[in-house]
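Q: Hey, can you piece these two chains together into the complex? The hints should help.
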Amino acid sequence: MSQVPADLTYTKSHEWVRKLKDGTVEIGITDHAQHELGDLVFAEVPEKGRVLAAGEACAVVESVKAASDVYCPVAGEVTEGNPDLASAPELINQDAFGRGWLLRLRPAGAPGGALLSAAEYEELLRAEGS
Amino acid sequence: MAFIPHTEADVAEMLAAIGVASIDQLFDEIPASLRVRSLAGIPAAMNEMQIGKLMSARAQTDGRPLCFIGAGAYEHHIPAAVWAVATRGEFYSAYTPYQAEASQGTLQVIYEYQTMMASLTGMQVANASLYDGASALAEACLMAVRANRKSKSQRVLVPTSVHPHYRKVASAAAGNQAVRFEEVPFSATEGRTLAAALARFDGQDITALVIQQPNFFGVLEDVDALTRWASERNIFVIAVVNPTSLALLKPPGQWGAAGADIVVGEGQPLGVPLCSGGPYFGFMTTRLAHVRQMPGRIVGRTVDVSGRDGFTLTLQAREQHIRRARATSNICTNQGLLVTAATIYMSLMGPQGLARVASASHARTAELIAALTRVPGVRRLFPSPYFHESAIGLDRPVAPVLQRLADRGILAGFDLTEHYPELGHAWLVCATETKTSAEIERYASALGDVMKAARAA
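Going down the list, the protein sequences come from chains A and B. Numbering follows the numbering used here, in which position 125 of the first sequence is assigned residue number 674; successive positions increment by one, without gaps. Numbering follows the numbering used here, in which position 353 of the second sequence is assigned residue number 648; successive positions increment by one, without gaps.
Chain B on its own, in the form it takes in the complex (with noise of 0.2 Å):
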């Protein structure tokens, strides 16, 4: 398929044909005290070796620290053939082309997807991925309002245990869509969400419960007791979830009595690197018997009219394109590549090459948080179990400390005194199966030397 731009014979002889003279024109509805006169601030044009100088120079700047932060984002080993495949001309767009169905292979990419997805998180049905995680968790929060025709309330639970950047955006997306969002409380010794907390909705209309599995503080939930309170009491369950952890920790599809609902979650550490936040893509699957109101697209399997298998777009009528206003969602699209990256690295790895990662992840863990907290001064905050992640108690602020550590080339983690002041000076550490004994034990050293100076200081 080709895609050549219009030359300007083309541009002057569409223009002729409905009797406009300058492509300008067609823009005049716009007040002149709205548009753009001069891009100031824009630097002058480079040619491609100006530009490359400027780009490695810059990328240098960014050194090649040892991460230990997670908090949604995370670097695991991306084996080398997921990004030789997945940027061969025949995958290397961000889009599902126009005219869908003319690129069978981009659909049977999306379709393997989809299935993948289904069987990670225990459900029946996957869309073709969403923006990011966060975007994900609003989208799902909508979706849960529509489906759930038990309640009227347009209530949605979200403990604070929930990643902060997913609450805001949440809140900012379907906040204004009349979804009221209440706040649930973690165990302030424990680190998670207990179902205690939720009895004070009992006998309320309430829509849906957002549980995050492990949670942001890299806790484990009590999944099935907290979605046993919401099935028992016809509330959806949002889930929302690590990838990688699935391939250890039970999916979704089977907390509780009845399962989640809906099931979302930041698909970024399926093979896509750590890169200045982003592109990342979201995932959404659920039951069947919500899929008319899922939002975004699906591919679906059929016959052509020789017999044949192929693939199709299906349930579009919902869709934006269809159905404007009342379209299951206006700010959707797929992410094609990184959807792509992600079904290469999950065919490569496999369940038993995922289960291998999450194994790891969680061993380099307990590693790292025993390594940490024989450092004086230095606690575990949570003693709950965990997947990859950690929150950190110090004996002093955490800022100073993570910049002596950065300017050693260590991200030590990420700061939680923003998010969470109520718990003191804490940070959230995480180790991947990327980090070895050496590097932790480098990271303890200096994290010792670091609080050693501070106290003497």
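Chain A with its partners taken away, still in its complex shape (with noise of 0.2 Å):
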């Protein structure tokens, strides 16, 4: 079973959502998502100030088996892509609820009445035999 924190909310499509303390939020892919995906080689992470829709495609995480859209949680702003996936796409792998975040936004509304607990998405996980 892989981890699942349970400070965060999750996507249905195993993203996950970080509230931080200047009102922005950070998202990611799951522990399960990058264990998937196998070893991560490249991540297309969206630039500053793009405004995204909710469930818009807004990176794309390719590993030597697939390139894979991610699909934004909430509708927000961009405020910064994650620098270090760059050169360093194994971030992802090694640390996916940590340094291996994909981007940063500033929610347009309040976020999320569609997006799991830790304790539904670990339902989700069962559910779907992982």
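Think of the hints as simulated: they come from the structure by calculation, not from any bench. Nothing false has been slipped in among the hints.
Under the rule of at most 30 Å between Cα atoms (straight-line distance), these lysine-lysine pairs were calculated in the DSBU-like manner:
id, chain 1, residue 1, chain 2, residue 2
1, A, 568, B, 445
2, A, 597, A, 614
3, B, 463, B, 445
4, A, 597, B, 447
5, A, 614, B, 445
6, B, 445, A, 597
7, B, 447, B, 463
8, A, 614, A, 561
Sample of chain B residues at the chain A side, in silico, Cβ under 8 Å:
id, residue
9, 444
10, 587
11, 612
12, 613
13, 617
14, 618
15, 621
Using N, Cα and C, we set each Cβ at its ideal position, and we do this for glycine too.
A: So, in structure tokens, the structure goes:
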């Protein structure tokens, strides 16, 4: 069973959301997702200032097996893409919930009625048989 | 590797395994109204001897005309070794084999090809080729939209001095994927695109600018000024180039201050004969920074578990068999056989050989222009520098003159009237290293006769 930190919220498409103190949120893919993808070789993150809708493809993570879209869990304006991933995409494999974050954004409204709690996400993983 | 078709027993076994009675049953979901019942219009089968006679008879109707038509496909001398090697059994396939890594020789040829194309265009990476020059331009426009993240407009500027067929194909393939093509007129006196013509786009969100060098009229564009204008505004530069010309001209990687972003073109001049319009191949090169947005496949060099050199298809995660609808392209393959011929051609010619082909072609074209413009009523349309083609103006309609020359076994040029009515009576001529002074003189003298007869009529 992969890690599912209790202090984060999640999506059905395996993204996580962390609320930061300054009112922005940090977004990444879950430990389960990185494990399914395998060794990541490239991550394409959005540029600062890009306005994203909830559910919009906002990043691409590419492993030796597949290139997958990451869907934005909450609408808002990008404040930063993780600059470290350009030279070290493996951070996503090594530390999916920490240094492997993909982007930060300022939510357009109150984030996420549709987001899952850690318990709900764990339930989803169980249902998917992992 | 054996490629043996299934026997009837194999087919029966497979059908039994999936519980289907016949192959036809697999197509049941196609409505009967859409299915072809007869092949009326297809003649009865012929044996090998009969088909050989038929094809020889048809080939004879082509004759062996003296060809001065360029317009995107060029007659160059092809050393005999090119096709002798390319048609060896080890190479003679149009396809990169499935389980590609089992065919290390095929992959190495493609790798060498990529290295040559990157070097010729002055760029960092090349793909394994595309269908042809025109579809390569369409792919480049789609790639620019993906890769130029500073632009949201999907607007691509295309000078009308770019090959009209390329513009048509790009607009058919990419225009339906939300790319907006906007024309930039060329200078009527110079036959090329002036940076001043771009000024009206200043301050607007533009994704890419297409620059063809030499342009459709054979004229050399001021690529440095055009590239500088685009780079300063974060507009991608898509270069469309003739590979032979690059042996003499500045490679797109060095245009302006920043160089082009994507380079495409038609590979036919590199060892592929003129043949009913194809098959030819397109090439594409780019900067390393854009490689993940480049369509098609790339062969990479690596080492195996024992540390020996080997070749592999790389960056496949973005290809359509893995990424489906979100792939970098859904119409691309590589033209393996033609790329093999081009690689052999380039390795036989070398940089010096290619430069001699290019210089000779330019010199022959200069000779041709001088000879034709001595004929009364014939003039050169644009006084600008050129490579190996030139637009020629006449004092009367072009089509009948071309027809009379064709009757004398001379394909005198490409009629510009349909695509460029604003140029009046005009055609495009080309001479490569294959044309002798005697042949050029034969053309000029025949043109003189035809013009004289036309005036007398």
